[in-house]
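Trainee: Sequence:
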Amino acid sequence: NIIFKKAQENVEKKTGGHYPAPLAIIKAVRASVELDKLKGYKTEAEGFADLVMSEVSRSLRGIFFATTEMKKDFQGEDLAPVKRVAVLGGGLMGAGITHVSAVKAGTPVRIKDVAHQGIS
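Each position in the sequence shown, counted from 1, maps to that position plus 12 in our numbering.
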């Protein structure tokens, strides 16, 4: 079906293939439309079970909890401002730390990874 193919292309373009959940959603909706509602529910449940235990899910939860913790008011002594950040590892967690540091906080970031692929 052209609609599902286009949706998949858009998801892959926007996520760079790094986030499997949107593709699993498309798969479940497609099963529901092309087969039947119960097959769609089954596909959704199986996809959720696979995704919730994945490394991507674990990393995204870690980023969520870290950013949530960062939002809390600090009640300790005044610390020197962070002028730059170094991140080791360009995986999902490293990318999240880099994003929060550079985009949200406006702090210059240097990232190091064993492979160039992890940084790009």
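Check each hint, because a few of them may be wrong.
So the derived label-pair ranges between C-beta atoms look like this [to be verified]: (1) Gly88 <-> His111: 24 to 32 Å; (2) Val41 <-> Gln87: 43 to 51 Å; (3) Ile14 <-> Val115: 32 to 40 Å; (4) Val41 <-> Val68: 27 to 35 Å; (5) Glu67 <-> Lys124: 16 to 24 Å; (6) Arg73 <-> Asp125: 46 to 54 Å; (7) Lys124 <-> Arg70: 28 to 36 Å.
In short, the hints are calculated from the structure, not lab data. Quick reminder that beta carbons are idealized off the backbone N, C-alpha and C, glycines included.
Trainee: Work down the list of hints and note, for each, if the structure agrees.
Mentor: Verification of the hints:
| no. | hint | in the structure |
| --- | --- | --- |
| 1 | Gly88 <-> His111: 24 to 32 Å | 26 Å, holds |
| 2 | Val41 <-> Gln87: 43 to 51 Å | 46 Å, holds |
| 3 | Ile14 <-> Val115: 32 to 40 Å | 35 Å, holds |
| 4 | Val41 <-> Val68: 27 to 35 Å | 20 Å, violated |
| 5 | Glu67 <-> Lys124: 16 to 24 Å | 20 Å, holds |
| 6 | Arg73 <-> Asp125: 46 to 54 Å | 22 Å, violated |
| 7 | Lys124 <-> Arg70: 28 to 36 Å | 22 Å, violated |
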